[in-house]
Amino acid sequence: MRITLIALTFASSSIFALMGMVLAKDGAKDTLPPGSVSSAEGLQAWKRIEAVVTHPRCANCHVDAKAIPIWTPAGESKPRVHGMNIHGGESRIGAETIPCSTCHVTSTTPNDPAPAPLHAGIDWQLAPVEFIWFGKSGAEICAQLKDPERNGGRDAAGLLEHLRHDASLSGFIPRAWAPGAGRTTPPGTFEDHVKDMALWGAAGQPCPD
Amino acid sequence: MFDITVNGVKHQVDVVPEMPLLWVLRDELGITSPKYGCGIAQCGACTVQVDGAAVRSCQARMADIAGKAIITIEAVGNGKLHPVQEAWIEHQVPQCGYCQTGQIMQAISLLKSNPKPTDEDINEVMSGNLCRCGTYERIRAAIHTAAEKIGGN
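Chains as they are written, first to last, in numbering that gives the first Met the number 0: chain Y, 0 to 208; chain H, 0 to 152.
Warning: the hint list may mix true and false statements.
[Stated by the list, open to error] Simulated restraints on C-beta separations:
1) Glu73/H to Thr184/Y: 34 to 44 Å
2) Arg131/H to Thr108/Y: 41 to 51 Å
3) Glu75/Y to Lys79/H: 19 to 29 Å
4) Gly51/H to Val80/Y: 41 to 51 Å
5) Tyr97/H to Pro109/Y: 25 to 35 Å
6) Lys79/H to Pro147/Y: 40 to 50 Å
7) Gly82/Y to Asn77/H: 33 to 43 Å
8) Thr107/Y to Asp13/H: 35 to 45 Å
[Claimed, not checked] Straight-line C-alpha distance at most 16 Å; calculated EDC-like pairs for lysine to aspartate or glutamate:
9) Lys111/H to Asp63/Y
10) Lys111/H to Glu147/H
11) Lys115/H to Glu75/Y
12) Lys148/H to Glu119/H
Simulated from the structure, these hints should not be mistaken for lab results. All values reported here derive from a predicted model rather than from experimental measurement. The beta-carbon is built from N, C-alpha and C at its ideal position, and this holds for glycine as well.
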């Protein structure tokens, strides 16, 4: 059963990857010509991106190999480990112990008010282990995001495609701005974030020192 | 109108798409073994199986689970007691009993994926199922006994 669950994880990942290729055109619409944005403008865009990716709504599931998700309860700002002894395991979906989807059901319906668990149209999961954001500086995250070895093999256009693909599935990224009443959201909107990623990409993905 | 199969029996229910499975089971179908504890997946009292996986039925919306197979504690033993239920009786696990159907449904799910769990394995999987009476020691012992029963069959 455990092996089956893990196999299903990889199978569903492959299906999502194929769907991503089909949806690649959507991401291409957002892409700006390389070099059309100055490095200074790109760095300004990165500062806005940094504010998004370091927000608890986005960073709390981008954790290290210990795979312990982080909670920032509504009304609090200090992070704490996910309750109930939860960890995502090597599968990153909790297949080895208790799947995330036991409570974070897969659904495209709007999120309920806090403290009900969040959900999305994609099976709930931690981000891949090489995509660590929680506890990292903006410069460290910037270096990771532009490194195809640590970002799922994506160039700047691929990152935009990733955003649109995720949104097409009512996934985690746009839902960061629709987490249900009582929860804070990252600055701006999802569309602002897509535009900033396009600006940053066209500027050559500059990172702060 | 949604199709739903509960314990092998097909039903059609005329409910709003957002209705939680827990309400469908209890109020529409009269199956009251899944309990309402918190309504926010913090206690586990409403746990059932959806297509073989333990799920908090207070969180599963009807529109998302239509057509799937739901199993509640009434059907886990196929007409007799499931080894986990037998172990629960042997260890006299329940006190008030309110959380126990959820505990048993989660324990069955645990033993499907991990037939010989350690204490640590049990703690990891069962920590989302709360018991205000504090029967955790007996729950852990009963799961070990159930593992032996299932392994011996």
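* Which numbered hints does this structure break? -> The structure breaks hints 2, 3, 4, 6, 8, 9, 11 and 12; every other hint is satisfied.
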